[in-house]
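Protein chains in written order, with numbering that gives the first Met the number 0: chain R, 0 to 331; chain F, 0 to 407; chain U, 0 to 236.
If you're looking for bench data, these hints aren't it; they were derived computationally from the structure. Small disclaimer: the values here were computed from a predicted structure and weren't measured. Heads up, a few of these hints could be off.
Derived list of chain R stretches under chain U, where covered just means 3 residues or more per stretch with a C-beta under 8 Å from a C-beta of chain U [to be verified]:
1. 143 to 152
2. 155 to 163
3. 172 to 180
4. 183 to 191
Just so it is clear, CB atoms sit at the ideal spot from N, CA and C, and this is done for glycine as well.
Single-letter residue listing:
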Amino acid sequence: MTHAGSADSDLSGVTRRSFLGTAAAVTGVAAVVTALKPLLEADFDPGDLGSVEQFLQKHYKEMTPLEMEEALARIRRQVRERFDIEPNLRDARSLVGVEFVYALNLSRCIGCRRCVHACVAENNQSRNPEIQYIRVLEIPKGTIDIERSDHHYDHETVPDPDHFYMPVQCHQCADPPCVKVCPVEATWQEDDGITVVDYDWCIGCRYCQAACPYWARRFNFAEPEIPKDQINPDMAYLSNRPRPKGVMEKCTYCLHRTREGRMPACLEVCPVGARKFGDVLDPDSEVTQILRKKRIYVLKEEASTLPRFFYYFDERRPQIREGDAATEGAAS
Amino acid sequence: MREYFTFLWRCFRVSFVGDWRYHVWMLLLTVLSLLGLNAYCKQFVYGLAETGMTDQVSWGLYIANFTFLVGIAAAAVMLVIPVYIYRNKDLHDLVIFGELLAVAAIIMCLLFVTVDLGRPDRFTHLFRRFNFPLSMLTWDVIVLNGYLLLNLHICGYMIYCHYRRREPKKALFVIPFVFVAIVWAISIHTVTAFLYVGLGARPFWNSAIIAPRFLASAFSAGPAFIILTLQVIDRFTVYSVPRQALMTLRQIILVALTINMFLLLSELFTEFYAGEAHIASTRYLYLGLHGYHALVPWIWSAIALNSIALIIIYLPLARSLKFLNVACVLMIVGIWIEKGMGLIVPAFIPTPLGEIVEYAPSLNEIMVCLGIWAFGLMLYTIFVRITVPVLSGRLTYDRDFSAVPQKP
Amino acid sequence: MAIGIAVCFLALAGWFLFGPASASFPRTESAVIAASDITIDPVRTVQTDQPVVKIAGFEMHCMNCHGLFESRPETARRLTQHQHIVLDHGLNDRCFNCHDNEQRDMLALRGSKKIPYKQVARLCAKCHGPTYRDWQQGMHGKALLRWDPDDPGRRPLRCSECHDPHAPAFDPLRPLPGPNTLRMGDPKDKQHGGEVDLKDPLRKWQLEIDNRHLPAEPGPSEGIDEGTAASAAEAIR
């Protein structure tokens, strides 16, 4: 948009003035073109931003099996080019007749953050800028007000005797506000209860992030960076395949594992067995037993989003050795 | 058809014609717009990490400006209602400037939303899978674009008729659209308010008073903006703006700003007297929380600016344009702070998990905002530049503009 | 006028071309997590049916020694073998509460009932009934690999695969690094959560806790010394 030069229609004076006008217009155009210079520095992922394939790709739910194969082939090629590995990428479809539920024992959790980092390693989150799906809250004893929690605690050892710990991740709500607000249906709830994001459909408006009462959604503010030797080749389309810049992502209960019968990574790494996972429709599953028999706490139940993530308590205090931290450190 | 393209071409050419002040003004706006474009290109390439936004505060200056400008756009009806419903003669010829302002403001709104997107290249997904009516954002897409089209139609039709020296078929092509636009203007603001109010996760927004307060503040900031622009038009063009028109707008502001302050009072009372659990964001905004108080000086200056403006407007003093203008400027700044820093950002602090991360826009982000504002003002200037000679009959189908000497 | 405009645009173009390089957001080193910190292996060695001890490179079973040498059932003297074992199991401070006196590669259940090491949970259940019931139903402990309780691949860990039976309480752990605060401004966390409403009768004691977590000043270090002295005294006792 330039307004250079006085567009003179004074036909008699087609001389110096109109020449200068043209000159001003030319410099104006030059300024516009040079303003676009940063675009030259764009290091676009081939097959992502600006690629025709990606642009034409359909929404996950609309893709035919053949189109899905094409999309998977494109992503495999991308992964090979970026990380020099051959990924085991597949489209892990929702299970039927299963509803996944998570339970976390607040009496047990010691706040060691192993779940946080196991999750990052499993789900190929960006290391830099850092994206983590799980936040461990350190809450002083005598309250359960998360506004009094500390996310950045750094004790020599945990648990700290004056605090307890509450890891928070996506609660996979049965009435998910994030799904409701998405303008392009890039995020939805699947039959087995997991809310997923189609990373190739999300427009990055971050409305879902504002809508989530559990602060469970993360945005790729920059091109995610994952060291080549740390990439997890076991990938699914809707979970841990590498994400592009500018889209949302979230915990999927490791659907590439759990939909194949395996445990989520955060559960397997937990050194104190505070995490429980299973199918709530199965009366014998751990989680069903817990929901029946234990005292349950639902975080922000008043938000009435019907989470599929429950906190529970033991009748007894778990035994954690107390004493001088330094001696303990030396002993272990 | 050919005539119409000639019309557009002439409009384009007219937008380059003006005295030195016009050129300096336009040059300034062009330079700012280009700086903004450059800053946006950086953001496009490196991602939204170039802004000050984080996962904790995921909406910032862009959405704040968007919200403010929706208010400005909606305020155009404050000129339309007196004219078409109360038959106010003073404002009759000025309505079009309000509608043009709405067009420019909506375009700025759309730009602010676009720069806020992580993947603007995927905007076509809106046409391919539209989560209507569940997502309030889809409602917003509809009402904003609808309002843009309505106003473009009304303005474009009126101007083109004047250009062709035809009598506009008002009953058919104008009046119905104007009445739709009146309702529509309320809807754009209500829908935008619902965008925030509908989020149960953010107790700061999740309150019924937000939508009425939105309207009240829009109907003060919008007419204030129009008062200022009308005076600029009066001063620099052949168009003369009757003083009575400005006084009518002053009345509107008087009522709207009073309601706005009253609603603010109700809100503060409810939040602080009961001291309920979810008051952390409000506390952060007005008093600071756990040693964090970046927004406190802003919100109190906003309240001070609005209060002073209210007092000035109430005094007979404000019949003098000088004082009226001061009040208008104070009010625009005050409401801009209130909408941006006071409404959008604090809802994210603390996060739903109680973490406090403060937000400060990055330089790049500010440049993008300045660029969009400059671009919007440039559009509005051009609209006025075209409209004035057409409406005053100096640029018509049979009479090229350049044949007429300009007003110095 | 036009010249001025042209000059302005040229200057602007120059700025775009040769001005400061693209503003970039701050980055930092990402946290390095050792693979051993996020391994999913059981905390302790997988329990075989017969405990195996490595002595001088030879794999020895209990009865290899205990079958040759007689050891008395209950003894007041210091152990000559198994000295690495620290017994810290509360009231349960007798070896033969759990180990079978005659058949050392078995555990003693009730009366003279012997159970193999694999069934250690039944032994623990003698005292820890509620925990045992929880464990049976999957509410206590951890199962690896498969979430479906009917899946044969599921691998529930036994008591002694997480707990050291001689000292079952868990040791405290060094926490892995917390979230990066690079783009978060100044995390004044020590203040966060420190606000206690003095009118709230139940929360007053928290002030004390919050004060304890403030950065150490010269004064309180003496208190720590006292603490260690006290625990040392306790240890001597």
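Okay, the hints, checked on the actual structure:
Here the segment 143 to 152 of chain R counts 6 residues with a CB under 8 Å from a CB of chain U, which clears the bar of 3, and the coverage holds. By the rule of at least three residues with a Cβ nearer than 8 Å to a Cβ of chain U, the coverage given for the segment 155 to 163 of chain R holds, with 5 such residues. For the segment 172 to 180 of chain R, the assignment as covered by chain U is violated, since 0 residues bring a beta-carbon within under 8 Å of that chain's beta-carbons and 3 are needed. Only residues whose beta carbon comes within less than 8 Å of a beta carbon in chain U count, and the segment 183 to 191 of chain R has 0; fewer than three means the coverage is violated.
The structure fails hints 3 and 4 (numbered hints given earlier, in ascending order).
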